[in-house]
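Enquirer: Generate the whole structure from the sequences, applying the supplied hints.
Here the protein sequences line up with chains A and B, keeping their order. Using my numbering, the first residue of the first sequence is number 235, and each one after it goes up by one. Using my numbering, the first residue of the second sequence is number 97, and each one after it goes up by one.
FYI, nobody ran anything at the bench for these hints, they're computed from the structure. No experiment lies behind these values; they were computed from the predicted model shown. Do not rely on the hints blindly, as some may be mistaken.
[What the hints assert, rightly or not] One-sided excerpt, in silico: chain A residues whose CB lies under 7 Å from chain B: (1) 254; (2) 268; (3) 358; (4) 385; (5) 390; (6) 484; (7) 492.
We put the beta carbon where it would ideally sit given N, CA and C, even for glycine.
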Amino acid sequence: MRGSHREYTTVGRMLVWVALLGGACLFIFPLFWTVTTALKSYQEAHRYPPVWVPDPPQWANFTEAWEILPQPFHIFVLNTYTIAALGTLGTVLSCSLVAYGFARFRFRGRTVLFLVLLSTMMLPRQVTMIPIFVMWSKLGLVDTFVPLVLPAWFGVNAFAVFLLRQFYMTLPRELDEAAMIDGCSYFGIWWRILMPLSRPALITIAILTFLGGWNNFLGPLIYLNSLDKYTVSIALNMFRDQFSVRLELLMAASLIHIIPVIVIFFAAQRYFIKGIAMTGLKQ
Amino acid sequence: MRQWRPIPCESLCPLAGRGLCLTIFLYIRRALGGDGGRRGLTVSQERQTKPAGALSSRVAKYGYLFILPWVIGFLVFIAGPMLISVFLSLTKYDLAQVEFVGLENYRFLILEDPLFWKSLLNTAIYVGASVPLGLTGSLLLAMLLSTKIRGMSVFRTIYYLPSITPAVASALLWMWIFHPDIGILNHALRGLGLDNPPGWLQSESWALPAFIVMSLWGIGGARMIIFLAGIQNVSDHYYDAAKIDGANAWQRFIHITIPLITPVIFFNLVLGVIGAFQVFASAYVMTNGGPNNATLFYALYLYRNAFQFFKMGRASAMAWILFGILFLFTWVQFKRSRRWVHYEGELA
Numbered sequence: 235m236r237g238s239h240r241e242y243t244t245v246g247r248m249l250v251w252v253a254l255l256g257g258a259c260l261f262i263f264p265l266f267w268t269v270t271t272a273l274k275s276y277q278e279a280h281r282y283p284p285v286w287v288p289d290p291p292q293w294a295n296f297t298e299a300w301e302i303l304p305q306p307f308h309i310f311v312l313n314t315y316t317i318a319a320l321g322t323l324g325t326v327l328s329c330s331l332v333a334y335g336f337a338r339f340r341f342r343g344r345t346v347l348f349l350v351l352l353s354t355m356m357l358p359r360q361v362t363m364i365p366i367f368v369m370w371s372k373l374g375l376v377d378t379f380v381p382l383v384l385p386a387w388f389g390v391n392a393f394a395v396f397l398l399r400q401f402y403m404t405l406p407r408e409l410d411e412a413a414m415i416d417g418c419s420y421f422g423i424w425w426r427i428l429m430p431l432s433r434p435a436l437i438t439i440a441i442l443t444f445l446g447g448w449n450n451f452l453g454p455l456i457y458l459n460s461l462d463k464y465t466v467s468i469a470l471n472m473f474r475d476q477f478s479v480r481l482e483l484l485m486a487a488s489l490i491h492i493i494p495v496i497v498i499f500f501a502a503q504r505y506f507i508k509g510i511a512m513t514g515l516k517q
Numbered sequence: 097m098r099q100w101r102p103i104p105c106e107s108l109c110p111l112a113g114r115g116l117c118l119t120i121f122l123y124i125r126r127a128l129g130g131d132g133g134r135r136g137l138t139v140s141q142e143r144q145t146k147p148a149g150a151l152s153s154r155v156a157k158y159g160y161l162f163i164l165p166w167v168i169g170f171l172v173f174i175a176g177p178m179l180i181s182v183f184l185s186l187t188k189y190d191l192a193q194v195e196f197v198g199l200e201n202y203r204f205l206i207l208e209d210p211l212f213w214k215s216l217l218n219t220a221i222y223v224g225a226s227v228p229l230g231l232t233g234s235l236l237l238a239m240l241l242s243t244k245i246r247g248m249s250v251f252r253t254i255y256y257l258p259s260i261t262p263a264v265a266s267a268l269l270w271m272w273i274f275h276p277d278i279g280i281l282n283h284a285l286r287g288l289g290l291d292n293p294p295g296w297l298q299s300e301s302w303a304l305p306a307f308i309v310m311s312l313w314g315i316g317g318a319r320m321i322i323f324l325a326g327i328q329n330v331s332d333h334y335y336d337a338a339k340i341d342g343a344n345a346w347q348r349f350i351h352i353t354i355p356l357i358t359p360v361i362f363f364n365l366v367l368g369v370i371g372a373f374q375v376f377a378s379a380y381v382m383t384n385g386g387p388n389n390a391t392l393f394y395a396l397y398l399y400r401n402a403f404q405f406f407k408m409g410r411a412s413a414m415a416w417i418l419f420g421i422l423f424l425f426t427w428v429q430f431k432r433s434r435r436w437v438h439y440e441g442e443l444a
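Expert: Right, dumping it as structure tokens:
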């Protein structure tokens, strides 16, 4: 390997490693503390000085937290999953279609429209939040999933459109032309050629969108009123309102919210972290 | 056609990070009348729009067809609401009756509403502390994580996890950490010999710092990934040349790495400020603005006006003041950026 700025002396390497290890312990600690607290008994959770390891671990905390609200947590999990999954599907399909339009066709006003699209990324949400709420409430759709899902189907995720457009522009046009000679329509080129080839980009976007939907707080807070429509995030907030003294249950309920995120992250991490590690080594 | 392979996913993240920074930066700088980006743009445009011959007008029609979902979405969910929001900000509106009041909402907020100023000040302090600290932390972390040593992927994972932890869940666990009596943070501080540790979220003077500390937990997230991609894309040739000239590691960092990743720094700065100005979920869950409005952030006060007091007009006016502040900030940054942000094409 060529000489590089990333080559350190053995001492430098050790120092970097120690710094990273110390930081890592600090950063993982809050999650560790959540897990141990979630497994403590009520007395252990409130004891001072703090108990480090629960003895014995109270696995029943999870079942109790699951059932303690008037609706069981699987309702909230299912609601959140439905909203996040439908939004993700809409984002992936509509944004890739729009990106295809911007990447492959020349039309008047394209640059301006694309600039407008990019600048919406910087628009604070508060500016449009109130009229959109008024619109949904006039349509009688508040307290349904529609306001949380439908906008995603219109390609308004500027980041996703941008990423996919960049990706499509790296794919050779000869592919389109060959498909066209074989009798493929423009729509067919998108669906049969570009969509399969952009799978890694689509998966990255799908994961990020899904996590965004799973973690979303402000949207469900504004639009969902009845408990059986609640998502995990606002159910958790309600949990905090009603049972703030039951620390161990609160932490168990938080874990119900966190664990799916971590599972998805580990299942898919090569799509968004490992990739960078490898490009770093390539040069 | 068979032999050709799609781009592997490894190149995707730099595409997302560095590509995003560069392109957005160039586009917007051009739109604001700078000429820095023009050269790069025309080249890429020529490359992508190979003339389509006699088909071109039909092709254009298809272009419009494919971007139609976004055009509709933009009109219905962005442009339309923005216009309505301007109108609403000039009215008194409680979801039932609209009454036109002119600039009264703005006048009231600016001249008569101490909570408006309080929330703006709180938010400004939060942004002013958490963005520079967060950017520095992310950059430092990215530098450390760009070294090739054992176990790097484990470190990356650990540092990344906090940023994808759901906001409500992380608010709850930090509430517990910050607990003044039985919280682990004050336990640690007492262990270090501090007899009277701060009350954090329950203290008027320490609640805001607590939010800033908490925001630093997320420095390993997307911002750091974008820095990392930027650092890893700096060509080794520059470093080799600098080494021959006898530059040490610190000098190489200051004179090579930093200048070459200025577009990334700029991008993270602009989006970081816009994001931090909208801090909401953690404040809503942890303190609900208290104690004594010490953590009443702008977005929280706006939310209260709109959805608790049903003063939709006043909340819309607040939204436009926020927009004005952020627009002004972004505009000034873009103007000033020509002095300190370089991209490789310009350097050459």
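Enquirer: Could you run down the list of hints and mark each one as holding or not?
Expert: We went through each hint and held it up to the structure:
| no. | hint | in the structure |
| --- | --- | --- |
| 1 | 254 | holds (5 Å) |
| 2 | 268 | holds (5 Å) |
| 3 | 358 | holds (6 Å) |
| 4 | 385 | holds (5 Å) |
| 5 | 390 | holds (4 Å) |
| 6 | 484 | holds (6 Å) |
| 7 | 492 | holds (5 Å) |
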